[in-house]
Structure formats: C-alpha cells, structure tokens
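Turn these sequences into a full structure, and let the hints steer you where they fit.
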Amino acid sequence: MRLIYELCRACMKIFPAIICMLALLVSGCGDDAEEQAPENYPTRVKAIKVLTTNAPLTLSYSGQVVDRDQMVVQSKVSGSVVEKYVKGGQDVVEGQALFKIDDRQYQAALLQAEANLAKSQTSLAKERVDLQRDEELWRANAISEQTLANQRAAVRSQESEVSANRAILQKAKADLADTIVYAPMSGRLGIDDVPVGTFSTGGATSLATIGLVDPVFVQFAVSEQEYLRLASGGRRGGNDATIDDSTSGNFRISLTLADGSKYPYSGEFAEYDRTLGNETGTLTIRTIFRNPESLLVPGMYARVEIDGLKIPNAMLVPERALQQLLGETMVLVAQPDNTSAVRKITIGEKIGSYYVVKSGLKPDDLVIVEGLTMLRDGMPLEVTQVTDKEMDFSFTPSEKIFDVEKNANAN
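First residue of the sequence shown? That's 1 in the working numbering, and the numbers climb one at a time after it.
Because the hints were derived from the structure by calculation, they are not lab data. Treat the hints with care, since some could be wrong.
[Said to hold, decoys possible] DEER-style ranges, computed between Cβ atoms:
no., residue 1, residue 2, range
1, 358, 205, 56 to 62 Å
2, 71, 160, 36 to 42 Å
3, 205, 266, 36 to 42 Å
4, 191, 276, 33 to 39 Å
5, 335, 297, 56 to 62 Å
6, 166, 93, 45 to 51 Å
7, 83, 166, 51 to 57 Å
8, 197, 284, 37 to 43 Å
9, 93, 118, 37 to 43 Å
10, 195, 160, 56 to 62 Å
11, 258, 342, 39 to 45 Å
12, 85, 276, 44 to 50 Å
13, 93, 319, 51 to 57 Å
[Claimed, not checked] Calculated lysine-lysine pairs in the DSSO-like style (CA-CA distance at most 27 Å, straight line):
no., residue 1, residue 2
14, 100, 84
15, 100, 173
16, 46, 350
17, 100, 49
18, 350, 362
19, 389, 350
20, 126, 46
21, 344, 49
Don't be surprised by glycine CBs; every beta carbon is placed ideally from N, CA and C.
Okay, here's the thing in structure tokens:
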C-alpha cells in the first residue's frame, strides 16, 4: 500500500509540469496561427471610382512683371547737367522738361552762325549787283563773255555759301533748343536719374529711364505643346483641351502675387515672341494687366494662371492613389472578386487633387486610395467605397465640376 501511495504522490508532482508543457506548446502554436492570420484575412481598404468628366484645366506659369514701354532718356547735345526739373520715381507726361544742359557754348555758336549768315548774305547782294552791271556791259560789248560767266559763277558760289550758313544757323538753333531735355513719353521715371553736374555725352549718356506703369506686361514661357494648345484655343481632339463654353471663347488670365494674394484685375494676351528658345524650347508670351494703383512693379514675380479650358471625357484618379516605382506610375485597383490588382498607367496634367489618366485604366475601375501599405497584387480585400467629398478631393481653382458630375462616384 505504501508503494502505491508513493507512486501516486510522484504522479501528482509530474502531472502539473506536463500540463504546463502542453500549455506552452499550444500557446506557441497559437502565436504561429496569429502571425499567419493576416495572410488569410482580407485587408481593409478604401477605394474610389475613376472619375470620368469634362475636367476644367488651369495652366500655371511663373511670370515676371515688365514695363510695357521703357525708354532711356538721353540728351542730343553734350554738356554738363546744370539743372534738374524732376526727381527719380516721379510721374511725368510727354513733353515735360526734365534736365537742362549748359547752353553757353550753344548760345555762342548761334550768334556766330547768325553773323556768318549775315556776312554771306551781304556778299551775295554785292555779287548780284556786280552781275547786273556786267550783263549791261556785255550787252554793250564792253566786256568779254568769259568775264560775264565768271561773275555768274561767283554769284552761284555765294548763294551756296548763304545756304550753308543758313543750315549752320538752323543747327545752332536746334542745338540750343536741345539743351532742354524733354520727356519722350508719359510714364514714371526710374530712380537712376543723374545728379546736377554730370557731363552728358550727346546720344550716349543715360540721364534717366522712363516707363509706363499702367498697364504693364507680365511675361512667362510656355512649352511648344502648350503654345499650340493656347494658339488654337484648345480646340484639339483626343485628351487635349477645348475652350469651356462659359468663357465665350476667351481665356481667363489671373495673377497670384508673391504673398499669396489674388490680383484684382484680369489680364489679356498681348504679345508672342517670334521664335522658340534654342536652349529651352519654350516661347515667351506677354499678357497685359491694368495697374491703376501701381501695385505691379517691373521686376516683380507672380504666378500666372490661365483657365477657361476643359479636357473632354477625361479619366481622373486622385494623386493619393499613385505609386512610383523605377520611373513607372502604378495604382492598385479593387477587382470585382475583392482582390487587389496592380495597374501601370500613363498620367497627364495635374488638376487639383487629381491626375489625368491617359492609359491603363477603365472608367468603372475602383482605385484604392487608403490602406495601400504592404498591399500587393492578388491580396484579398475588404473594400469600402468612398466619394470625393468624403476624402476631401477637389479641383483647383473651382469645384463646380462636382455639381455637374455629382453622380459620377455614386455607384
């Protein structure tokens, strides 16, 4: 009996240890099962239907404000600046006096020219009297015909001298008048005007610059493809843009200033360069904007936005759905059997939260926009379909397209 008792006690001591070992083994198996569970259960994702619509297109460029017209003010005659009638930054009108050049030498030249002309005119009068006398003597056979011819030549020579002196006098008067430098156009002076005492070389020294401030040009560069789109009014086939009917055939051109504020006036196309840049392959375009408050200053940078175009029947996917790998763009779509599939796509213009898809998707595809981490091709999914408003996707600068296409994502 005692032997049986001892055996029972030993079994009672060993049994808990066996139970613990079994428990650990079971627990270990359970951990493996939990680690493998994600492979067997669907991944929760959010997907949105590809949006097919007439998408509004806004073209944006970095622009710079430039003078519509700018001229360098120079004197026509040389001399020291002895007086200034204006100061830098002042608005002036065409014909307004700006500078005075020292005119003493030009006054002296004028007096000399007047004296020379008077002298030559007196000599001419004498030669004419002599010619009249010689003609009478020749008719009386008192002098030879050669003597008469010589006197006629003397009169012609003196007439030429009078004409030359008269031209010198005219130039002297013009030079004296040009000692006052007038504004060649209306506009605003730069602050680069010269001080009194500066020696001005006629036709060479810059006394000041003057330019128009209202209106002004804003210039920017576009690619060859974008130029063709703008020049044709966007009326091209395929995925190219067409003019929005709401613009009545006109583009809308606006400015955003460096501080993010919107400029209150719209612009218009004004000038196109005649050639593409050899190095950049771009074309310079100038737009014209009103500037009554002189807010736009030449040299200032601003973002030019041109809208009024639309891309007909464009397929759009949110930027959030895009993935880049080795230079290729891909999205993950939720298939009808609730599995994931990788699609390589070709994208075009960016429109707000979206990119235009040129190829690789169908209009009824569901593109995954949330839950993309560690998602691979062929994985089971638990799909929640969302709308653009739920995900805060929008167009820029306007969201009006969603009112027209509000049912595009409903299915």
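Evaluation of the provided hints:
no.: 1; hint: 358 / 205: 56 to 62 Å; verdict: holds (58 Å)
no.: 2; hint: 71 / 160: 36 to 42 Å; verdict: holds (39 Å)
no.: 3; hint: 205 / 266: 36 to 42 Å; verdict: holds (41 Å)
no.: 4; hint: 191 / 276: 33 to 39 Å; verdict: holds (36 Å)
no.: 5; hint: 335 / 297: 56 to 62 Å; verdict: holds (57 Å)
no.: 6; hint: 166 / 93: 45 to 51 Å; verdict: violated (34 Å)
no.: 7; hint: 83 / 166: 51 to 57 Å; verdict: violated (31 Å)
no.: 8; hint: 197 / 284: 37 to 43 Å; verdict: holds (40 Å)
no.: 9; hint: 93 / 118: 37 to 43 Å; verdict: holds (39 Å)
no.: 10; hint: 195 / 160: 56 to 62 Å; verdict: violated (45 Å)
no.: 11; hint: 258 / 342: 39 to 45 Å; verdict: holds (42 Å)
no.: 12; hint: 85 / 276: 44 to 50 Å; verdict: holds (45 Å)
no.: 13; hint: 93 / 319: 51 to 57 Å; verdict: holds (53 Å)
no.: 14; hint: 100 / 84; verdict: holds (6 Å)
no.: 15; hint: 100 / 173; verdict: holds (15 Å)
no.: 16; hint: 46 / 350; verdict: holds (22 Å)
no.: 17; hint: 100 / 49; verdict: violated (75 Å)
no.: 18; hint: 350 / 362; verdict: holds (19 Å)
no.: 19; hint: 389 / 350; verdict: holds (18 Å)
no.: 20; hint: 126 / 46; verdict: violated (112 Å)
no.: 21; hint: 344 / 49; verdict: holds (17 Å)
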